[in-house]
Amino acid sequence: EPEVTQTPSHQVTQMGQEVILRCVPISNHLYFYWYRQILGQKVEFLVSFYNNEISEKSEIFDDQFSVERPDGSNFTLKIRSTKLEDSAMYFCAGHLAEVDEQFFGPGTRLTVL
Amino acid sequence: SQQGEEDPQALSIQEGENATMNCSYKTSINNLQWYRQNSGRGLVHLILIRSNEREKHSGRLRVTLDTSKKSSSLLITASRAADTASYFCATVTQGGSEKLVFGKGTKLTVNP
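Line by line, the protein sequences give chains D and F.
Mapping of the first sequence onto our numbering: position 97 corresponds to residue 97, and the numbering continues sequentially without gaps.
Mapping of the second sequence onto our numbering: position 9 corresponds to residue 9, and the numbering continues sequentially without gaps.
Warning: the hint list may mix true and false statements.
[To be verified] Computed cross-link-like contacts, DSS-like style, restricted to lysine-lysine with a CA-CA straight-line distance of at most 30 Å:
#, chain 1, residue 1, chain 2, residue 2
1, F, Lys69, F, Lys56
2, D, Lys42, F, Lys56
3, F, Lys104, D, Lys42
4, D, Lys42, F, Lys26
5, D, Lys42, F, Lys107
6, D, Lys57, D, Lys78
7, F, Lys107, F, Lys26
8, F, Lys107, F, Lys69
9, D, Lys57, F, Lys107
10, F, Lys104, D, Lys78
11, F, Lys69, D, Lys42
12, F, Lys104, F, Lys70
13, F, Lys70, D, Lys42
14, F, Lys107, F, Lys70
15, F, Lys26, F, Lys69
16, D, Lys57, F, Lys104
17, D, Lys42, D, Lys57
18, D, Lys57, F, Lys69
19, D, Lys42, D, Lys83
20, D, Lys78, D, Lys42
21, F, Lys70, D, Lys57
22, F, Lys70, F, Lys56
23, D, Lys83, F, Lys104
24, F, Lys26, D, Lys57
[To be verified] Ranges of calculated distance between the beta carbons of each label pair, as one might list FRET restraints:
#, chain 1, residue 1, chain 2, residue 2, range
25, D, Glu53, F, Pro112, 45 to 51 Å
26, F, Arg80, D, Glu53, 42 to 48 Å
27, F, Gln9, D, Ile54, 30 to 36 Å
28, F, Glu17, D, Val12, 37 to 43 Å
29, F, Ser58, D, Ser27, 22 to 28 Å
30, F, Thr20, D, Gln41, 20 to 26 Å
Think of the hints as simulated: they come from the structure by calculation, not from any bench.
Note that beta-carbon positions come from the ideal geometry of N, C-alpha and C, so glycine has one too.
Produce the complete structure using the sequences and hints provided.
Dropping the structure here:
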């Protein structure tokens with residue numbers, strides 16, 4: 001069964017450094033998302049991506065964040081200058097049809113020191 | 001405003017018992033989904049119920065949706081120790097994007 005993959009599984013970085021989190025969605029999916037979950041808290045929406053452009057972004061998704069789908073398979077989230085409060089699990093997700101379950105990747109645990 | 005608030009926050013039961021978790025939300029929705037998360041792991045989709053549906057079953061799972069009360073419940077029957085996890089409801093707002101708005105979750109512990 002196809003699944004969403006994410007790399008790395010754990011990333012440790014110093015405050016102020018740039019990080020790129022990578023996701024390979026299921027190949028026929030059209031809608032893509034990034035969510036994050038700070039330890040012990042609920043999952044929060046960051047950004048949605050459809051037809052090669054951002055369709056919606058949350059207040060969290062400020063100028064430090066960017067997303068790309070550079071080659072039709074990978075879907076990346078870049079944080080330009082990480083802050084301590086960016087430490088969280090980051091999940092990518094996708095789906096095919098408009099009203100459909102979202103398939104989540106296993107997440108990347110980002111630790112900012 | 002908070003969307004998709006579950007209760008209870010934590011639930012501890014014995015194997016074989018049924019577990020019921022509730023979710024309330026504030027806006028009109030297209031659909032409501034339940035997800036499961038084992039500690040520190042990814043989210044696994046359990047079931048999706050559309051706004052025009054009232055009840056749905058999948059194996060040992062039963063989900064109800066009451067749009068007049070803006071609430072949903074997830075029932076797990078004949079629970080097993082392996083059901084121990086956090087359960088989240090997530091809504092897709094009507095007229096909005098397809099993003100999921102999650103609640104804080106119910107932490108279920110099933111004791112053997």
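Going through the hints against the structure:
1. Annotation: proposed proximity of Lys69(F) to Lys56(F) holds, straight-line Cα distance about 17 Å (limit 30 Å).
2. Under the criterion of a C-alpha separation no larger than 30 Å, the hint pairing Lys42(D) with Lys56(F) is consistent with the structure, at around 25 Å.
3. Proposed proximity of Lys104(F) and Lys42(D) is supported: the alpha carbons are some 5 Å apart, at most 30 Å.
4. The suggested pairing of Lys42(D) with Lys26(F) holds, with an alpha-carbon distance near 17 Å, which does not exceed 30 Å.
5. Restraint check: the Cα-Cα separation between Lys42(D) and Lys107(F) comes to about 12 Å, which is no more than 30 Å; the hinted pair holds.
6. Restraint check: the Cα-Cα separation between Lys57(D) and Lys78(D) comes to about 14 Å, which is no more than 30 Å; the hinted pair holds.
7. Restraint check for Lys107(F) and Lys26(F): the C-alpha separation of about 22 Å stays at or below 30 Å, so the hint holds.
8. The hinted pair formed by Lys107(F) and Lys69(F) meets the criterion: a straight-line CA distance of about 23 Å does not exceed 30 Å.
9. Distance hint between Lys57(D) and Lys107(F) is fulfilled; the C-alpha atoms sit about 29 Å from each other, no more than 30 Å.
10. A threshold of 30 Å between alpha carbons decides the hint, and for Lys104(F) with Lys78(D) the separation of about 26 Å falls inside it, so the pair holds.
11. A C-alpha spacing of about 23 Å is found between Lys69(F) and Lys42(D), which places the hinted pair at or below 30 Å, so the restraint holds.
12. Using a Cα cut-off of 30 Å, the hinted pair Lys104(F) and Lys70(F) holds, with the two alpha carbons roughly 16 Å apart.
13. Between Lys70(F) and Lys42(D), the direct Cα distance comes to roughly 20 Å. Compliance with the 30 Å bound is thereby established for this hinted pair.
14. As the CA atoms of Lys107(F) and Lys70(F) are separated by approximately 22 Å, the hinted pair is consistent with the 30 Å bound.
15. At roughly 9 Å between alpha-carbon atoms, Lys26(F) and Lys69(F) fall within 30 Å of each other, so this suggested pair holds.
16. About 20 Å separates the Cα atoms of Lys57(D) and Lys104(F), which keeps this hinted pair within 30 Å; it holds.
17. Taken as a hint, the Lys42(D) and Lys57(D) pair is honoured in the structure, with Cα atoms around 17 Å apart against an allowance of 30 Å.
18. Straight-line distance between C-alpha atoms of Lys57(D) and Lys69(F) comes to about 29 Å, which keeps the hinted pair within the 30 Å bound.
19. For a cut-off of 30 Å, the pair hint linking Lys42(D) to Lys83(D) stands: about 19 Å separates their Cα positions.
20. Between Lys78(D) and Lys42(D) the alpha-carbon distance is near 21 Å, which keeps this suggested pair within the 30 Å criterion.
21. Among the hinted pairs, Lys70(F) with Lys57(D) is consistent with the structure: their alpha-carbon atoms are about 25 Å apart, no more than 30 Å.
22. Of the pairs offered as hints, the one joining Lys70(F) and Lys56(F) holds, with about 16 Å between alpha carbons and a cut-off of 30 Å not exceeded.
23. Restraint check for Lys83(D) and Lys104(F): satisfied, since their Cα atoms lie roughly 24 Å apart, inside the 30 Å limit.
24. Restraint check: the Cα-Cα separation between Lys26(F) and Lys57(D) comes to about 20 Å, which is no more than 30 Å; the hinted pair holds.
25. Hint check: Glu53(D) to Pro112(F), Cβ distance near 50 Å, so the stated range 45 to 51 Å holds.
26. Range check, Arg80(F) to Glu53(D): Cβ separation about 44 Å, and the 42 to 48 Å hint holds.
27. Here the CB-CB span from Gln9(F) to Ile54(D) is close to 34 Å, well matched to the stated 30 to 36 Å.
28. Judged by the Cβ atoms, the range 37 to 43 Å given for Glu17(F) and Val12(D) holds: they are separated by roughly 41 Å.
29. Taken as a hint, the range 22 to 28 Å holds for the pair Ser58(F) and Ser27(D), whose Cβ atoms sit roughly 25 Å apart.
30. The beta-carbon spacing between Thr20(F) and Gln41(D), approximately 24 Å, falls within the hinted interval of 20 to 26 Å.
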